[in-house]
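Student: The primary structure of each chain is shown beneath.
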Amino acid sequence: MPEKTDVWQGTLALMVLRTLESMGSMHGYGLARRIEQISGDRLQLNYGTLYPALLKLEQEGFVRSRWGTSENNRKAKFYELTRAGQARVRKAAAEWEKTTEILARFLAPAEEA
Amino acid sequence: MRKLRALFMRLIGLLRAQRSEDDFAAELESHIEMDVEEGMRAGLSAAEARRQALIRMGSAEQARQRQREQRTLPLVENLLLDLRYALRGFRRNPMFTCTAIATLALGIGTTTAVFSVVDPILFRSLPYAHGDRLVSFGLSQPLEPREFTLGFFFFDWRAHQRPFDSVTYERGVNECAITEQNPVQMQCASVASNFFSTFGIAPVLGREFTQEEDQPNGPPAVLISYALWRERYNRDQRILDKTVAIDGRSMKIVGVLPQDFEMPRLQHADMVLPARVDFAHQHAENAGLGVPLWAFARLKPGVTVEQAREQMQPLFAQMQSVIPAQFRKEFHLSVRSLRDRQMQDQYRAAWLLLAAVFAVLVISCANVAGLLAVRGRAREGELTVRMALGASRRRLMGQALVDAGLLAAMGAVSGCLLALGLLHIFVAIAPTGVLFLSNAHLDLRILCFAALLTIGCTGACGILPTLQNPRSPVPNARATCSSAQTGFRRALVVAQIAVCVILLSSALLLVESFRNLQKQGLGMDAGGSFVVHVSLTRARYASNEAYMTFFLQAESALRALPGVSAVAVSDSVPPDGDSWRDMMRYPDLVVSGKPRTPAGVGGKVGVRRVTPGYFAALGIPLERGHSFVEEDRSQSGAQLILSRSLAARMFPQENPIGQHIQIASYMPYFVLNGPVYTVVGVAGDVKNAGLSGEDDPEFYTLRRNRPEDWSNRNELVLSTELPVSTVAPWIRAQIARMDSTAPVEVVPMRQEVNRLADRPRFEAALVGFFAFSGLLLSVIGLYGVIAYIAAQRTKEIGVRMALGATRANILRLITAEGLRLLLVGGAIGLAVSLLLASLLQKLLFHVSAHEPLSYAVVTALLALVGGCATLLPAIRAMKTDPMIALRTE
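So the protein sequences, as listed, match chains A and B.
The numbering used here applies: residue 10 is where the first sequence begins, and numbers increase by one.
The numbering used here applies: residue 233 is where the second sequence begins, and numbers increase by one.
Hints are supplied without guarantee of correctness; some may be wrong.
As the list claims (entries may be wrong) - Only part of the chain A face toward chain B is listed, based on derived beta-carbon distances under 8 Å:
id	residue
1	E30
2	S34
3	G37
4	Q68
5	K86
Claimed, not checked - Taking lysine-lysine and the DSBU-like style, the derived pairs with C-alpha atoms no more than 30 Å apart in a straight line are:
id	chain 1	residue 1	chain 2	residue 2
6	B	K561	A	K100
7	A	K100	A	K65
8	A	K65	B	K474
9	B	K484	B	K836
10	B	K561	B	K1074
11	B	K751	B	K1074
12	B	K235	A	K107
13	B	K484	B	K474
Said to hold, decoys possible - Every beta carbon over 12 Å from chain A, so not counted as near; a handful from chain B, in silico:
id	residue
14	M241
15	E265
16	A295
17	R298
18	Q299
19	S357
20	G637
21	M815
Hints were generated in silico from the structure; no laboratory data involved.
For each residue, glycine too, the CB sits at the ideal point set by N, CA and C.
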């Protein structure tokens, strides 16, 4: 069993947004499972933290929620991106890429010292 | 932007807490169900699938808490919780709540209202640019204690003075009239050309007077008041091109005075004219004395009023040598700040009020402190439990703060309302003589000050228990801490009682003084008497003869009215509160065949010039001889009636009737060239120095039908059984028939007398009000501390009773505690008020400030009320069931 990593501070929101962007409308459980799957089961997601993160995104207007019926005919709350949310994903993704790129340069072995 | 939106959503979240809570519960539930389903699909048993789902979820409660914190603002939520808790606490204990709020409201409200009234009197800044450097200077003497100057020395002083930057003068305010279309009666002031620059008054339009305009026969010019500009000229911007006819002379309007303009002696003035004093000829005018002037000056920077007085002394000494030796001692140099001159006797009353107000503020702060201490004590148990259950100290303090803050806020709001109401009442009942009161408004600074003080006090006292408790959780330590607190509270109550005694005794003295004022006889029958004042202008009535003709005609016209029994004309009327009356020195009366009284002896004597109906119209009894009779008006013989006190002084052994008296005049020095008066009667004494002043002896001379007996001072007096509403229109109609432009005032004598009593009534009412609120507050405080002490000693009482103490013993135990506080506080209060009493003396009428009766009443009242406040908790303690008492704690 590979060692699992905790979700880094601040990245959960991006993961949620990104997942919603690619998958469309999803309920909380599906979202959690999906994030775990994408990480190749390498992320340890505390479900308890997922919901406050969702609520915060909703309060900021990036996602909206409504009650619906799941594929198994179960009542569940579905989340989807708003227009602002879509813009946010693009912006945040670009920023994240830039950050990782910079970090990568620091972490890369010294080329010509 | 997004953050704001989130904040807003969280605020909204506060409102829908329950719904969101359910919503989230359902969401969690569906989450777990789905997890379980998936586990079962993977082949787990239902129970195992649920177990693993719950593990993955982590603590559901924690999730819920996190969700809740994210959904709303925890800080606000706690605050709301505390508020709700505090309100519930208040509702459960309405006695405490009402008392605390009332205490705060009284403290804040009265302080603010009274300070708002007193502030313009004590601390108002003068509406002049150089306000704090302005002084009034001149001579004062017994007949005119407020400083004035005369033309014969003023210009000399002005030329040789050193302490002042600038010296100016005004010549008083006279009636004048605008004599063009829409003629109106106005008040015209006359001032020197440098008047405005000395005071630092800048006209809103135009300029001040030039030197040429201030010359005798200079170009006519006038400055008009802002109100006149607004009302008569509708704020005409081209007003400076206009002229206005004043008393028949066309004058150029050269400027408009600022809105807050006022004359330094606070007379009302609609227009200001140049004084045009011919100072080269002062030695020739007014029998060599020159015209009277009221002098004002601006001190040089750094020069104090005392230094100015010293530097003026040589000039004064030089001038004094001109005064006849016999009067020299009567004159004094007076140099004082303009503010002092304006405020005169208002200072003392204002300070008294201010002191009373702060006393009440102190009492109410002490009271709130006491009340909250009782509450804190009652809460000690609760606090300990909450602390044990894990409440943080910050959380407890926060709650105490919210509790106290809410209380203080409610107190502050009701205090503001009270202040507003009180201010209206004050303005309504205030006598007209209290300067600036009519435009008093709620003073925000003092409102904030009083509110902050009481709120701070409330907050500090409210938070105290939470500060003390955590450090001393051991019961033993707590007990000692409480007893220290009790000592503090005892001291508070003693202070309260002392302050209250001071307030009460001052109030009683003032009330007593007011009653004396009301009770005293006026010496006349004011019931059916009316005073009719007709304003005539010098322009239309140029000579004394014109006045005489008018008023003789008015006298006979009024006499013809039905129901009017007597009519007379006098140059002044009692009780002379603030109106003009003629005075002379006692030695100026020279009895034929007797030596003259040496100068400077005998004080002042009043004189009135009246027509024969005077005594009948005012109901003044004639004790000897007879009144003036109608026939004598056309005779040449001069007649005179003495007041009883004057007759007793001049003729202690003899019959005054038939004596001959001559009146000295000063031209400028003592001459005896006037008519010889024959004394025909002695009239009763009448109040003639206001209601509270020391009466002066006086005499009356007959106004014959000769111009030399008349002047421009004329008051009609009449007596009738009819009400003012009936008589006044008739009188107006009669006067209008003679001169339709003359304004007429009809004032019942009773009303005039009441008006003079307004001021002492106002003072007595205000201080009485404070004393009452002080008493109320002190009693609450006393009750609180005794109840507190009794409650604290419940266990001790139980032990005592178990060991055989009777109920009477217990009653005595608790009562003694209260009585000790009363005794100490009362004694301190009485001692201090006796010390302070001399400060009050000037405000009192026919009451000694050390009058034992007042102090006895205060003591009795305090004993009675304080006794009740002690007895109630003592009786409750007495009824304690020892079993229950022992079980407490």
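Student: All the hints need checking, so say for each whether the structure fits it.
Tutor: These are the hints, each one checked on the structure:
no.: 1; hint: E30; result: 18 Å, violated
no.: 2; hint: S34; result: 15 Å, violated
no.: 3; hint: G37; result: 5 Å, holds
no.: 4; hint: Q68; result: 4 Å, holds
no.: 5; hint: K86; result: 5 Å, holds
no.: 6; hint: B:K561 - A:K100; result: 98 Å, violated
no.: 7; hint: A:K100 - A:K65; result: 18 Å, holds
no.: 8; hint: A:K65 - B:K474; result: 75 Å, violated
no.: 9; hint: B:K484 - B:K836; result: 44 Å, violated
no.: 10; hint: B:K561 - B:K1074; result: 25 Å, holds
no.: 11; hint: B:K751 - B:K1074; result: 19 Å, holds
no.: 12; hint: B:K235 - A:K107; result: 24 Å, holds
no.: 13; hint: B:K484 - B:K474; result: 6 Å, holds
no.: 14; hint: M241; result: 4 Å, violated
no.: 15; hint: E265; result: 6 Å, violated
no.: 16; hint: A295; result: 4 Å, violated
no.: 17; hint: R298; result: 5 Å, violated
no.: 18; hint: Q299; result: 5 Å, violated
no.: 19; hint: S357; result: 54 Å, holds
no.: 20; hint: G637; result: 29 Å, holds
no.: 21; hint: M815; result: 86 Å, holds
The structure is inconsistent with the numbered hints 1, 2, 6, 8, 9, 14, 15, 16, 17, 18, although it conforms to all the rest.
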